[in-house]
Amino acid sequence: MQFVAVSIIGCFGLRPRNDIRFLAIPCISVYTLHIGVPMSEIDLTRLHPVLDSYIPLGRSGLLPALHAAQRLYGWLPQEAAAEVARSLKVPLADVHGVIEFYSLFYNEPVGKRIIRVCTDPACALKGADGLLHHLCSHHGIEPNATTSDLSLTIEASPCLGLCEHAPAALVDDKAETNIDLEAGSYELGRPKSIVDGSLRLLTAHCGNGTTSLAKYGEYAALKKALTMKPEDVIAEIKSAGLVGRGGAAFPTGVKWEGAAKADGAPKYVVCNADESEPGTFKDRVLLLDDPHRTIEGMCIAAHAIGATKGYIYVRGEYPYIVPALENALTEAREAGYLGERFDIEVRLGAGAYICGEETALFESIEGKRGFPRVKPPFPTTNGLFDQPTVINNVETLCNVPLIITEGAAGYRRIGTEKSPGPKLFCVSGDVAKPGLYEVPFGVTLRELLEMAGGPSTEGLDKERLDPPLRANETDRIQGVLFGGAAGAFATSAHLDVKLTFEDLRAAGLPLGSGVVMVFNETRDLRDVLKRLGKFFAHESCGKCYPCQMGTQRQMEILDRIAAGNVLDGDMRRLQDVGWTMTDASLCGLGQTAAGAVLSAIKLWPELFVER
Amino acid sequence: MTITFSMDGKEISVEQGLTLLDAARENGTDIPTICFHEATTSNALCRICVVEVEGMRLLQPACIVQAAEGMKVQTRSERVVRARKTILEMLASTLDLSDAPEILTLMDQYGAKADRFPEAERRESAVKDDNPMYIRDYSKCLLCWRCVQVCADDAQYTFAINFEGRGYETQIGTFFDHAIPETTCVLCGQCVGVCPTGALKPKREYLLEQGLSPQEISVMNTGRKRRSKVTGQKSE
Chain A
1 MQFVAVSIIG CFGLRPRNDI RFLAIPCISV YTLHIGVPMS EIDLTRLHPV LDSYIPLGRS
61 GLLPALHAAQ RLYGWLPQEA AAEVARSLKV PLADVHGVIE FYSLFYNEPV GKRIIRVCTD
121 PACALKGADG LLHHLCSHHG IEPNATTSDL SLTIEASPCL GLCEHAPAAL VDDKAETNID
181 LEAGSYELGR PKSIVDGSLR LLTAHCGNGT TSLAKYGEYA ALKKALTMKP EDVIAEIKSA
241 GLVGRGGAAF PTGVKWEGAA KADGAPKYVV CNADESEPGT FKDRVLLLDD PHRTIEGMCI
301 AAHAIGATKG YIYVRGEYPY IVPALENALT EAREAGYLGE RFDIEVRLGA GAYICGEETA
361 LFESIEGKRG FPRVKPPFPT TNGLFDQPTV INNVETLCNV PLIITEGAAG YRRIGTEKSP
421 GPKLFCVSGD VAKPGLYEVP FGVTLRELLE MAGGPSTEGL DKERLDPPLR ANETDRIQGV
481 LFGGAAGAFA TSAHLDVKLT FEDLRAAGLP LGSGVVMVFN ETRDLRDVLK RLGKFFAHES
541 CGKCYPCQMG TQRQMEILDR IAAGNVLDGD MRRLQDVGWT MTDASLCGLG QTAAGAVLSA
601 IKLWPELFVE R
Chain B
1001 MTITFSMDGK EISVEQGLTL LDAARENGTD IPTICFHEAT TSNALCRICV VEVEGMRLLQ
1061 PACIVQAAEG MKVQTRSERV VRARKTILEM LASTLDLSDA PEILTLMDQY GAKADRFPEA
1121 ERRESAVKDD NPMYIRDYSK CLLCWRCVQV CADDAQYTFA INFEGRGYET QIGTFFDHAI
1181 PETTCVLCGQ CVGVCPTGAL KPKREYLLEQ GLSPQEISVM NTGRKRRSKV TGQKSE
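One line per chain: the protein sequences are A and B, in this order.
This note's numbering numbers the first residue of the first sequence as 1 and each following residue consecutively.
This note's numbering numbers the first residue of the second sequence as 1001 and each following residue consecutively.
Possibly wrong hints are sitting among the right ones.
As the list claims (entries may be wrong) - Estimated spans, in silico, between C-beta atoms of each pair:
#, chain 1, residue 1, chain 2, residue 2, range
1, A, Ala235, B, Glu1169, 44 to 50 Å
2, B, Gln1066, A, Gly569, 48 to 54 Å
3, B, Thr1222, A, Leu150, 43 to 49 Å
4, B, Glu1078, A, Gly306, 45 to 51 Å
5, B, Pro1118, A, Ala235, 55 to 61 Å
6, A, Lys89, B, Glu1038, 28 to 34 Å
7, A, Gly339, B, Thr1002, 24 to 30 Å
8, B, Ser1139, A, Ala145, 23 to 29 Å
9, B, Gln1066, A, Glu326, 27 to 33 Å
10, A, Ser148, B, Asn1131, 33 to 39 Å
Claimed, not checked - Coverage of chain B stretches by chain A, computed from C-beta distances (three or more under 8 Å per stretch; other residues unrestricted):
#, region
11, 1010-1020
12, 1101-1112
13, 1126-1132
14, 1213-1223
Please keep in mind that the hints were generated in silico from the structure rather than gathered at the bench.
Built from N, CA and C at the ideal position, the CB exists for glycine as well.
Model the full structure from these sequences, guided by the hints.
Okay, here's the thing in structure tokens:
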């Protein structure tokens, strides 16, 4: 059937794209809603003064503007969304697309108060499902619903990064931790930091509230770096052997060198604080307790590559970090560390794990849906706003002042030859003392778990165990989720593996973001896998087919297995989906979305067949 | 400048800058595509064109990876076939492919089974019939993005449509689901022209498929029957 549209493409479609642009007929504004929005009680006059400050940012101001509008109205009515579109000159459909992408933006009315209960593995071990059920039945609503008087919304949430205080929730913008239904106790507000380990270098100022600049002291490492040539700073980072701590372990100095040599100005330094990997909470502790270490690291990076602007992209589930961070930035500006030469802006995400992928994070800062970009080109040449960019994880940046102060040789005295430096591990699950542990690379998993008090016996049906479990019996663990949801399972057979990049690689375990989540002998690993499956299906951006459909199919099969309704061939289905995601997905999310499942199939094939 | 590389063991020479897909097509090697279209920016999202490149850890999308001197490419290795077959099987368990004959042919070629994933939740939605020109049947949409791209800066600069939802629940949509006439859509038809699966379809074609006669459609659209141009007589 022939049709005019087909012929338009037929005539023009095969020409270079510049030619078909002649077809563009800019006849009506795409930023303004002409018809269709009913007049309602939404008072836009309150919005205008708020939006004024975002207008100069253009599309890049979209997420901050939507956050601001949502703070005003409690949700994002279409009149307000249209006003944001008009002010920032973003097409209406695009604004809607952005609202729809981020799970913390609401395009329909929600409760005045929103409680998000984490139901991911670490919290699930401590009774998150019961908590959610109790809350919902108390208020007479289902999970992910709102009371009829719009006073309360209760949601099941992906990991909130409060794993050492499980079970946990986010109540509006406050962390609610260590919720104990039986005792009726909980802590609300700034989450406490539990910091321990055999080293206190990166965490020197952590564990006692936010460290002010006065207490942090002058930026001595920055002062020293400013006396060095940029290329010498980069050489120092390179010879220190620092690699990224966000999960990809890319050599930091090589990244900096690439951005330093790339043509183009301005250049950017971006701090990736979109920590969302289930089980990970180190960046939360570092930023909340010691923001100046990260800021100083960013200033040194800026000097090394010649950047004039920096961003700290904080995950939307950490709103309580922002005031501490803004305050620290003000202190740094007043002290002259930030200013005309280099300044930093804080950006708050809005509920999207994928924005921890570096190029998706750029898209998000640019005011778009967090779709990862095709690489190459890489961020060092074509990063934020298509400019040369260095993007580093919080923990990576926290290593930088240490390296400059101690010198590469001094830094290398910590850790092993191939994995120099200190490392933070987020220990959670069935251990006596969950928390953030700083150790040198090279301690064994057993040593780390023993620092954390060994496997916890709390809540165990000890009678079922033979012989009964005593505290500190580290060998009596069923499994450890290593590296987070995107990681892999280890067993007690791995307890004497040294925690270094080289030893873990040999053992087939990813270091990832430093997650060590412990499951004792009584835990149903099928339930853990089901939650990991749900997590990835919820967080896939939907761009590439293997991950968009693969995470859904993986979740469906894992749901079946957890419910005991295994179908013939389910294990093979999981493997085909898993290998396809790993091999053919566009970004790191899809490439690792089956890692834990595939590792569990290897370790415990019996979990995937009929019981 | 010409470069030489190997594809499926055969040495081939092509102009530098060509993608592996271009190079394969120039040399008569078949690499399947779904989201690729000559007139739109390649986003490498369907991953059906992935190939194995020696030295690369992961499969590479042929639509955007450029051929390079000395490269060794396998277009039908075991890994490639497994990925393509699984993607096709997942597509069949997700959406209605009845108007996508090319994909059904691919499924035959790769031995992909439409019922590989039992009990799978399908993406189903009601047909959106809200304008005189085209219908939107997102049960047939495989999210190739081409309609969004031609509506935006790949062609028309109309920006009437974008995405709704995320992940598996992604769908193409307008601002707060407004009907097409209430959007900036100029009914240019570019999106219909690039849709590979019949998710976007000329309304007339849709109505004919629904069993309406041309006469009935004419009455429906203009309130009167069509007249023959030559004789002025009413057509049959």
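Taking the hints in turn, this is what the structure says about them:
For the pair Ala235 of chain A and Glu1169 of chain B, the beta carbons lie near 48 Å from each other, so the given range of 44 to 50 Å is met. At about 39 Å, the CB distance of Gln1066 of chain B to Gly569 of chain A disagrees with the hint of 48 to 54 Å. At about 47 Å, the CB distance of Thr1222 of chain B to Leu150 of chain A agrees with the hint of 43 to 49 Å. Roughly 47 Å separates the CB atoms of Glu1078 of chain B and Gly306 of chain A, a value that falls within the hinted 45 to 51 Å.
Roughly 58 Å separates the CB atoms of Pro1118 of chain B and Ala235 of chain A, a value that falls within the hinted 55 to 61 Å. For the hinted restraint 28 to 34 Å between Lys89 of chain A and Glu1038 of chain B, the CB-CB distance of approximately 31 Å keeps it satisfied. Separated by about 53 Å at the C-beta atoms, Gly339 of chain A and Thr1002 of chain B break the suggested range of 24 to 30 Å. Separated by about 27 Å at the C-beta atoms, Ser1139 of chain B and Ala145 of chain A satisfy the suggested range of 23 to 29 Å.
For the pair Gln1066 of chain B and Glu326 of chain A, the beta carbons lie near 44 Å from each other, so the given range of 27 to 33 Å is not met. Evaluation of the 33 to 39 Å hint for Ser148 of chain A and Asn1131 of chain B yields a pass: the beta carbon distance comes to about 36 Å. For the region 1010-1020 of chain B, the assignment as covered by chain A is violated, since 0 residues bring a beta-carbon within under 8 Å of that chain's beta-carbons and 3 are needed. For the region 1101-1112 of chain B, the assignment as covered by chain A is violated, since 0 residues bring a beta-carbon within under 8 Å of that chain's beta-carbons and 3 are needed.
Only residues whose C-beta sits within less than 8 Å of a C-beta in chain A count toward coverage, and the region 1126-1132 of chain B has 0 of them, not enough to reach three; the restraint is violated. Here's how the region 1213-1223 of chain B fares: 0 of its residues keep a CB closer than 8 Å to some CB of chain A, so the rule of at least three is not met and the hint is violated.
In the structure shown, a violation is registered for the earlier hints numbered 2, 7, 9, 11, 12, 13, 14, in ascending order.
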